[in-house]
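Dock chain one against chain two, each of which comes alone in its own frame, and use the hints as you go.
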Amino acid sequence: MQRSVSVCALALASLLIACALLSLVLGAMNLPVYDSLLIVVDDLFGANFSQLEGYQQVVVLELRLPRLLLAIFVGAILAQCGAVAQGLFRNPLADPGIIGVSSGAAVGAILAIVVFPAVWGSWTIPTMAFVGGLLTTLLVYGLAQSKNGTSVLVLLLAGVAISAFAGAAIGFLSYFADDASLRELNVWQMGSLTGASDANLWLAFTTMLLLMIAFQRRAQALNALLLGEPEARHLGIDVEQLKLQMIILTAIGVGVAVSCSGIIGFVGLVVPHLVRLATGPNHHFLLPLSALLGAVLLMGSDLLARLVVQPAELPVGLVTVLLGAPFFLILLIQQRKNWS
Amino acid sequence: MLQLNNVSFKPQGKLLLDQVSVSVKAGEVYGLLGPNGAGKTTLLKAISGDIKASGSIKFYGKELTQWNRRELAKHLAVLPQASQLTFPFSAREVVALGLTPLSLSKAQANCLIDEKMQATDCYSFADRSYPSLSGGERQRVQLARVLLQLSQASHSPLLLLDEPTSAQDLGQQHNLLTLTQQLAKKEGFGVVAILHDLNQVLRYCDTCCLLDQGQVSAVDSPDKVLSDERIKQHWQYQPQRVILNDGQIALI
Chain S
19 MQRSVSVCAL
29 ALASLLIACA
39 LLSLVLGAMN
49 LPVYDSLLIV
59 VDDLFGANFS
69 QLEGYQQVVV
79 LELRLPRLLL
89 AIFVGAILAQ
99 CGAVAQGLFR
109 NPLADPGIIG
119 VSSGAAVGAI
129 LAIVVFPAVW
139 GSWTIPTMAF
149 VGGLLTTLLV
159 YGLAQSKNGT
169 SVLVLLLAGV
179 AISAFAGAAI
189 GFLSYFADDA
199 SLRELNVWQM
209 GSLTGASDAN
219 LWLAFTTMLL
229 LMIAFQRRAQ
239 ALNALLLGEP
249 EARHLGIDVE
259 QLKLQMIILT
269 AIGVGVAVSC
279 SGIIGFVGLV
289 VPHLVRLATG
299 PNHHFLLPLS
309 ALLGAVLLMG
319 SDLLARLVVQ
329 PAELPVGLVT
339 VLLGAPFFLI
349 LLIQQRKNWS
Chain F
13 MLQLNNVSFK
23 PQGKLLLDQV
33 SVSVKAGEVY
43 GLLGPNGAGK
53 TTLLKAISGD
63 IKASGSIKFY
73 GKELTQWNRR
83 ELAKHLAVLP
93 QASQLTFPFS
103 AREVVALGLT
113 PLSLSKAQAN
123 CLIDEKMQAT
133 DCYSFADRSY
143 PSLSGGERQR
153 VQLARVLLQL
163 SQASHSPLLL
173 LDEPTSAQDL
183 GQQHNLLTLT
193 QQLAKKEGFG
203 VVAILHDLNQ
213 VLRYCDTCCL
223 LDQGQVSAVD
233 SPDKVLSDER
243 IKQHWQYQPQ
253 RVILNDGQIA
263 LI
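Chains as they are written, first to last, in the numbering used here: chain S, 19 to 358; chain F, 13 to 264.
Isolated chain F (complex conformation) (with noise of 0.2 angstroms):
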């Protein structure tokens, strides 16, 4: 659904993409990673338009550019990193925000917000005023207006996700993370997600691209661009692996 052919960013001579060339497929978790400065937020705004790259950036094969604004929104949606919010909304006007790009009857538009707050486990505090609640809940809240957004997508959509895990406890990432591999197995969307814990990856993502000063390092499946050498060289770190009872890889 998304393919990327020589992308770069160079603002004042500094070059912060280089040559960037991936695909991301409906149905799977891609995971970008790498150190801090790799490029990965950079790559994420290419993606999303805040900034204007050079190369191609097709989504179902037409350039991003050649987007009509809504069509794309209903197509493409970002989970902000942090959101702030200087005006006292309550958390169920945000998720209603994402209603912007849509045509609904308003008894459609109530049924889906009370949907995708239930889906994203935040009906419970949706007359809160969004400043009063914690950054994970805030997340949760974002999280609905997104799925709100993509709920009219005629083919399946993308969403892309910087950092979703930084402001949650242990539990709710593991929700968020479980709540984004279900959507993309069961509803078919393409997910891009920048993720900085090494068995986050290996545990959620399909696919994963490893960055590092702007290019593309490796991309696989997790457990084969997650090479002892390769974590070694890119974080200056050796980890130890343990193996779960589940079968599954640990890096400590």
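Just chain S, same shape as in the assembly (with noise of 0.2 angstroms):
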């Protein structure tokens, strides 16, 4: 098992490296890989190695570098997310999304699309969403409360039912939008990583380090619950302040990551399922490990999106679904057997 784990994390943390150097140096402007990363020594360190022309620099660090940082902060903090949500719901089709984040997240980006455009200037959308999803899961938490504590089975329905309270919201603002903010909602539901900025990066970036941070200290105890909520509690562990602090952090992860990146789908439901596949579900692998193919898996996608349909670009949200959706059923038809 241990040996298994070293293995993988070594893969994934190389194919990390060439990901990011593919995606900074192809696109619709193809660059020399040495001097695409000497640009980006000579920007951290101020020196002054690299080759490149101007705009050559300014695609580099402007343009490509950021993006690629911010598919690595999203893909981790999705990818985390999503192996808490199935630790704490037990079941591996749990994505974050189904305590109503996502949808919650969607409703706030709509309003701020139709009913309030531009309060806040570009910082509208992302504050809104974030709201939205954190709003969201907490009527969703308050409703699975009865005296004996949290019922993970409302929760799911309950977040079920908000999720598509939320869709039909979702179209009745639709359906009295324009055709500007129409578009804007569709790209934005698709979800794209053309948004980075300093400001996001940052944001993305703590949120990534806090969850990482958080959920390891409470990897024993994800996997005490995994045995079921009552032999966690005579593990010793604390179930009803576990389950509120997983799902306001994942509310928290989930947030940010749709409030930078739009609504991207399927990382957070099919990477952690596949670690478990080659590592097992102890969590204190599982994590960490996920959130590499998290970050290479929005990295790769990002980098398909730019690249296929060059100079113009698909939405990224789009391509991870494209891609995880028939990989899913690929695994799904592999293991039906397990659970028939």
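Treat the hints as calculated values from the structure; they're not laboratory data. The C-beta atom is built at its ideal place from N, Cα and C for all residues, glycine as well. You can trust all of the hints, since none of them are fake.
Have a look at the derived ranges for each label pair, beta carbon to beta carbon: (1) P248/S x Q24/F: 19 to 29 angstroms; (2) P143/F x I348/S: 14 to 24 angstroms; (3) E83/F x F67/S: 58 to 68 angstroms; (4) N257/F x G167/S: 49 to 59 angstroms; (5) P248/S x P143/F: 17 to 27 angstroms; (6) Q120/F x P248/S: 24 to 34 angstroms; (7) S136/F x L227/S: 39 to 49 angstroms; (8) G167/S x Q164/F: 23 to 33 angstroms; (9) K198/F x P248/S: 20 to 30 angstroms; (10) E241/F x L171/S: 43 to 53 angstroms; (11) G185/S x Q164/F: 45 to 55 angstroms; (12) Q24/F x Q163/S: 13 to 23 angstroms.
Structure below.
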């Protein structure tokens, strides 16, 4: 087990580096690898080694580098939140969106686009999306409370119901939206990393770091929770507190991801599933490896999104679903005998 | 080590436990028995803290609710009746979950895991995936986990067993109950076990408590509690008694 974890970690780290390099140099304008790397070094240390032209430097430093960093941070956040949601619901098919956070964020975003355009400038959509996601999660969590604690089943069903309601609200608002808002909403819902800026890079980076530390600290408790809630309680874990912490952290993670890059599906569902196939369900390894694979997958998808129809590009959320869904079906077909 | 005083549980107007007062000593195997619906599992859940019953449950003189969670977990453990796991942990990883309340170095932990898996006879399938194990094998893995959880107790620990023999074949039932008996005699464990087989109660328990309709009907040594009249009264069955070669009584 330990060996397969090290092999996986090494393979994923190499993939991450390779993907990052390709993302820097490939695109509508192909650039030399060595100089593209040097310009990043120049930028970090104020040196002057790179031979790139001024406009090429702009492409690397202001377009591709922020975008690939955002892909790494958002991919790592979504994949870890997926792993935690699947552990919390003890269901390998759970998705972080299951607690209503994505659909709530979408309602927030459409309110921002249709009803209050540009109240806080370019921050309107991200802020409203984040608030929408968090409020929805709190509502779903509140609905699942009873005097016996939080019912995971009610949490799941309330998430489904609230998501359906949010879907109707989105439909209602888009029905009355003008064509320009509709287009904006449409693009936002398919997810995109084009909005990478210093501010949201720092936000995504800090969130990723916070989640990594917080989740890793509770890895043993999450493992114990897989035995069942009473069993985890008998092992000395405050199960109610653990559930609340994990739900809030997941909501913050997905909320930040959605507000930085719109809705990106399937990363949170497929990535932890794949890692579990390789190294088993132990959260001590599952969480960091999911973060790595999530980063690789989103960066790779974004690269594809930029390359397939260049000089135009596809929304990255579309690519993750296009890649993720068939892949997931193949996994299901291979494993269905275990589930019958 | 464990004192229950007037413990009652009445969810939605239905009285499941009615003024139960019993006590369990360190070093004894304490059998809970009674017909279906008598309140055995409810009583075990009240002791393990899964339900909030009224009355007082003291463990080493301190109310259970006053205990620090981790400290309690080091001294009181529950072997669940049937444990499901959706995710494919290996048997060894399931045992390692018993480390949750403990603070041990990695080397100490590995050593203890090996020791407990050997004691419960599951070392040979340590690397197999838990969902692929048979019911009896799973139960032994869970027992190893629970023993690991109790391995740093500073007083004699209390082990709660919910129908521990239900998924085991005859030989495994005997091994499991012999092991719990040894834990009680040699290491001073208190063991509370729900058992259905009256012969196992006679053979392995020091004290037994007969429950019916949420009330304690009798508490004493098994041969005194299990009189013909009581069995007839509570199970509507008239057993025959056979004296075995070793002098023990068997009910058939």
